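A.B. asks: Heads up: the sequence shown begins at 4 in our numbering, then just goes up one per residue.
Read the hints as simulated data drawn from the structure, not as lab findings.
Keep in mind the model is a prediction, meaning the values are calculated, not measured.
Please note: incorrect hints may appear among the correct ones.
[Claimed, not checked] Derived lysine to aspartate or glutamate pairs resembling EDC-like cross-links, with alpha carbons at most 16 Å apart:
#, residue 1, residue 2
1, K82, E150
2, K105, D72
3, K108, D72
4, K108, D143
5, K108, E66
[Stated by the list, open to error] Label pairs and their computed distance ranges (CB to CB):
#, residue 1, residue 2, range
6, T63, H104, 20 to 28 Å
7, A65, G142, 17 to 25 Å
8, S37, P163, 54 to 62 Å
Ideal Cβ positions, reconstructed from N, Cα and C, are used throughout, including at glycine.
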Amino acid sequence: MHRVLTLWLGRSGQLRLCKGDEMVRLRLLGNVASVGVLTAALLVGVFVSPASACSCAIETEAEQYQRADHVFTGTVRQKTVERGHKADPFDDLHRYAVRVHKVLKGEVPRHVNVITTVQSAMCGIELTKGAQYLIFSFGDSSDRRVETNLCSGTRLVSQPPGLIRSEGGACHVSS
4 MHRVLTLWLG
14 RSGQLRLCKG
24 DEMVRLRLLG
34 NVASVGVLTA
44 ALLVGVFVSP
54 ASACSCAIET
64 EAEQYQRADH
74 VFTGTVRQKT
84 VERGHKADPF
94 DDLHRYAVRV
104 HKVLKGEVPR
114 HVNVITTVQS
124 AMCGIELTKG
134 AQYLIFSFGD
144 SSDRRVETNL
154 CSGTRLVSQP
164 PGLIRSEGGA
174 CHVSS
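Whenever a hint applies, use it, and build me the whole structure from the sequences.
C.D. replies: Written out as structure tokens, the structure reads:
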């Protein structure tokens, strides 16, 4: 024989169980707690974005040279930001106007725009205006535009080879 359980709200607005069955009360509280935990877990999953960071494979400068389309030295003359989609700050790019001094690989015009993402978490590299760099880059330079990143090997001319670093401190790898 099964007991019928009726739930009702008393005058105080509290949930009451008729027939006083303690096991049913505990089961109901357990279900309410489970729904609360599940809701909290879903909210955390929806509103918390994953942490991201740039991760570079350790390569020698010779390997970086082989992988690059263009390698050249040059001085950063100007830095501007090209805004991407308003809803996604990861679309923003740094455009560095560089005066090329010496081409070591590929074909690069005397003045070229070096493009990299603004976000160091996406391996964007920060270059300093007026500084001279050894730039490892990719892409078709016929439009006076090449790309570089934190992992490509681009470094200050005065910096020793074998170090991959971000001036913003996002990634430090030494071979």
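A.B. asks: Taking the numbered hints from earlier one at a time, note which ones the structure violates and give those numbers from smallest to largest.
C.D. replies: Going through the list in order, the structure violates no hint and respects every one.
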